[in-house]
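Assemble chain D onto chain B, guided by the hints.
Letter by letter, the chains look like this.
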Amino acid sequence: MLRNISTIVAVLLISMLAACSKPTPHTRGVYMLLDTSGTYTEEMNKASNILNYLLVKLAPGDSLAVARIDSGSFSEKDIIAKVTFDDRPSVTNQQKRGFREKMDNFIKTLKSSPYTDITGGLVQAVQFLEETNSGKKTILIFSDMEEDLIKGHVRDFALELKGSEVIALNVTKLRSDQIDPRDYMKRLDAWRARVEQGGGTFRVINDLERLERIFED
Amino acid sequence: MGLTDLPQIMPGQPGISLLLWLLIIIVVLYFARTPAHKAIRAVTRLLRNALHIFSRSILIAEGSLKNRNREVLFSMGQDASERQIAREFERMETVIHRDLAGFPTIYRKLDEQITRMEEDYARTSEVPDTPDAWIRAVDAVANIPSSDAMVADVLTNIHESMNKAQKNAVEEYREMFHERHHLLKKLLPSWRKVNGALCEVKKSVDSLDERSREVDAQLSKFEMICKGKSAGERMLSSSSFTQFFISALVLFIAIGGGIVNFNLIAYPMQEMVGGNSTLAGYKTSDVAAMVIILLELAIGLFFMESARFTRLFPVIGALDDKIRERMKWITLAILVILAGSESALAYMRDLMAAENQALTRSLTDVPMVVGGESFRNIPTIVQMVIGFILPFVLALAAMPLESFVHSSRTVLGVVIVSLLRAIAFLFRLLGNVIHHLGAALVHGYDLIIFMPLWIEEKLTHRSGTTAKA
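Residue numbers (the numbering used here), protein chains in the order written: chain B, 94 to 310; chain D, 3 to 471.
The shape of chain D in the complex, shown without the other chains:
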């Protein structure tokens, strides 16, 4: 309904009637100004406050959810860190058992080698006898100042004897040095053995050193998590996001494998459950194929759980080791049987496809492709191999599934927190907008009745100046 729809005050003169109506409305609005302003302000204030309260309560919920996320994140991080530290200690234990268990033997060998080397070295220090003392007597005789022929004969004899003795001494020295060299040469393998043994020890010690550094890193991480530091939170959060995306990607690939698996067995399933009946709108053969795939997935999960690769079911983890071990072998056996069955179904699928092809050829009189038969076995073998491998691939999907489940808790929490924050912001914004809209409405109201307001202002001003005068 517009102004033109109002009844005419002066019949036959719509322009004047409209003007009169406008005048009436403006006058009414002028007199209703104060309560109207109050009403607009009250309504907008009410809406703004309600929206602010709502926003605040959402922020409180966001805060508590954030705290809860933090607790879960730290608890998960703590658990993962504990597991890693335990694993590192297990590895250290293995290194100690494997390498350092033989340390006494190595020590004994080293000791023996060193003793032998010491003995040999001592033997190399043995020196030949010093020249005889009578040489000095000969020297004295030679200094006798005489030209006697007898002395000369004696001296000649002495000289010959000396030459002989010297020759013998040189021979003896040579033999001695030869023997020393031989002994020193014999020391070489012993040095090598000692070196080898020491290298072994070094390797073991290095490995231990590396492990201890790993443990140190894990422990500092664990410490950071236990203290609830923000750096630890950031680290865990980013790790969760990475885990989430990687596991989602791997799961996506596993789903692809599942689809291939489904297509491989759905058609031969028709031979067992019929290709015509349906279950809840789906072909029974398709449902049966899907059930088999889900069964493989479930058995795979149980196998991975009992083999302690995953920790999705605490009940299985808490089982007695003997029972768990038995469960591991049973689930593995079932998995192998299912893989074998799937391989057989893949073979059957190939046979059925060949049969269909033969029938189609006979019906449509299409000639056989020459040479195509020589490659017939390749797709059959490939299908059978894929049929056998895919159940194990599905079983392995338990690991990314575990990561996905754990990391999605954090990711989902972060997403919900962000969403709540955004909603709270929107409500706050809306409240403020309504509040300012109220102010704008008040001004708009005054704009409609600007004429009486202007007159009022003029009158007030005049009465003011009269009063002053």
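Pulled out of the complex, with its shape left as it was, chain B reads as follows:
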């Protein structure tokens, strides 16, 4: 009897200690895709503001990565900066400063890309967020959501976005949308359907004054 009790106590203690060292599922992983095609590069100031907002809001333990959307976005080379913030707030602050510096350098030297591979970027984002083991995964797409692929690139496959939230930011209206606004709606609906079929959720935030909606649950 006494042996049984001691075994139970030991098991409980060990499980408690194990719980101490376990990585928590409360962390947040954010992957931001920046459209660098055509005239969208002119919107980079807005992207910079969004990034600053993210840096202010993200806490120790959270992960952040920013990648460009170019002709072939399914590549680690397109990741401009990535970081998993340290547990200590002081180190986190230093990391945030470094991240901001990297992004500033990128924006200064930015060159526009002829094509827009959003799907490739999304797949890359999912892979990155899986590796961070974050509790909440958010993919921000700063783009007009008009995909323009190089001939021969295959992107019409189902996405695996289970547990991820995709937020399209600052989805600008194209010239064709002015002629027929239904094109704009169709474009967004198509993306929504694709994301939701992949098990994720899809939202659009065009009002950049209300960025707090990014972290709304």
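None of these hints come from the bench; they were simulated from the model.
Every residue gets a Cβ at the ideal spot worked out from N, C-alpha and C, and that includes glycine.
A couple of the hints might just be wrong.
Said to hold, decoys possible - DSS-like cross-link-like pairs, simulated, lysine-lysine; straight-line CA separation at most 27 Å:
1. B:150 x D:111
2. D:204 x D:111
3. B:175 x D:285
4. B:255 x B:204
5. B:255 x B:175
6. D:229 x B:229
7. D:229 x D:68
8. B:255 x B:279
9. B:195 x B:244
What the hints assert, rightly or not - Computed spacing ranges between beta-carbons, pair by pair:
10. B:297 x D:258: 43 to 51 Å
11. D:264 x B:306: 24 to 32 Å
12. B:296 x D:314: 52 to 60 Å
Relative to chain B, chain D alone:
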């Protein structure tokens, strides 16, 4: 299932079928009347008795709990009274040691002063010599009936001598009175000293008198408690309730202090244990901050216990005085170290907040508020001071905690007794309601079969009158 659902006795005529069914049911109920009445009464009686028994057993439990509460109340009151009486005696002892220990000295001083005053007073009663006896001889010479010039010369000489002597005597008297006044004047400080010494004695005696009155009051209270008088019970009970609410209020304030304390150290704790990991669903930094606060509370409890402010742990109270004293100083030292650490953490919190603010400013390009920096030090200092004071405030919470623990025993007991009484009343009420419900059911039963009953009554009445005739 209603009457309409019953199979039709006469197909195609539901009204008549229903009527027939009703008739059948009434007849069946009429014949089953007596056993049905018995069954209803038996069931309701059974339920009522069961509920009454249950109510009675609850009342018995309530009675024994009440007695137990009374015993605990008296024992606690007795203990508190004993402690107070002991404390009053200690105070009396202190007064006696402090004030009356110097009584022999005061007595000696008084004695000396009085002796000196007596001597001086005796000296003031010394009178100058009476006039010389020869004055009467001169008087006789002056009465000689003669007009002799020689006698006149003698008398003139005598008159001059007399004047001279009188002058001398007056001078002498004046000097004497001056000296007496001087002596009496010298007596004044002695009177004052005597008065002062007597005032001191009076003060000490008054203090003792006051203490003795306190002891008298405590002893009469103690006597009342020992005799188990209802007045004593009421007094102790109301005192417990007052203690309960006051200590609860103070504990509530202490909890508020604890929350402030927690917020002060939880954030800087992230720098030590990390701001990301969790323990049983809570942030490790929050848990660590809570542990530190609880540690402060525990150390505070031990300090208050070893300093004999509280008596929550008999083991500590029973320790050897030397060990207890050592424990007191050790716990106080730990408390000071913890207070210092908390103060440092509060400072760190301020630094971290400033760092965050700077980062946010650099990221959001918000301009620095002009003039705000001149007041930067004030919140830092206030946070550090609060961080240092709060552990001691938490330690002091041991006293209301003790009162709360002791008084809650009485309050809880009274609440449970009231609850038991209410439950017993409810069961009794329910039993009576069921009993009366049974009677109502019997009457309701008879109401359904009123027709055959009426016929029966008529038939019985007729057969009765026929028999009489």
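Original post:
Are the Cα atoms of residue 150 of chain B and residue 111 of chain D separated by 27 Å or less?
Top reply: violated, 84 Å
Original post:
Is residue 255 of chain B close enough to residue 175 of chain B, meaning Cα to Cα at most 27 Å?
Top reply: Holds - the C-alpha atoms of residue 175 of chain B and residue 255 of chain B are around 22 Å apart, at most 27 Å.
Original post:
Between residue 175 of chain B and residue 285 of chain D, is the straight-line Cα distance small enough, at 27 Å or below?
Top reply: holds, 25 Å
Original post:
Taking the beta carbons of residue 297 of chain B and residue 258 of chain D, is their distance inside 43 to 51 Å?
Top reply: Given about 45 Å between the Cβ atoms, the range holds.
**OP:** Given the hint that residue 255 of chain B pairs with residue 204 of chain B, test it: the Cα-Cα distance must not exceed 27 Å.
**Re:** violated, 33 Å
Subject >> Supplied distance hint 24 to 32 Å, evaluated on CB atoms of residue 264 of chain D and residue 306 of chain B >> reply: Given range 24 to 32 Å: holds, Cβ gap about 31 Å.
Subject >> Agreement of residue 229 of chain D and residue 68 of chain D with the hint, judged by alpha carbon distance not exceeding 27 Å >> reply: holds, 17 Å
**OP:** Would you check the hint for residue 229 of chain D and residue 229 of chain B, treating anything up to 27 Å between C-alpha atoms as holding?
**Re:** violated, 70 Å
Original post:
Taking the beta carbons of residue 296 of chain B and residue 314 of chain D, is their distance inside 52 to 60 Å?
Top reply: Hint holds: Cβ distance 57 Å, inside 52 to 60 Å.
**OP:** Please work out if residue 195 of chain B and residue 244 of chain B have their alpha carbons no farther apart than 27 Å.
**Re:** Cα-Cα ~32 Å, so violated.
Original post:
Regarding the pair residue 204 of chain D and residue 111 of chain D, is the alpha-carbon distance no greater than 27 Å?
Top reply: Status holds; Cα separation ~16 Å.
**OP:** Starting from residue 255 of chain B, check that the Cα of residue 279 of chain B is at most 27 Å away, please.
**Re:** Distance ~23 Å between residue 255 of chain B and residue 279 of chain B Cα, so the pair holds.
Of the numbered hints listed earlier, those contradicted by the structure are 1, 4, 6, 9.
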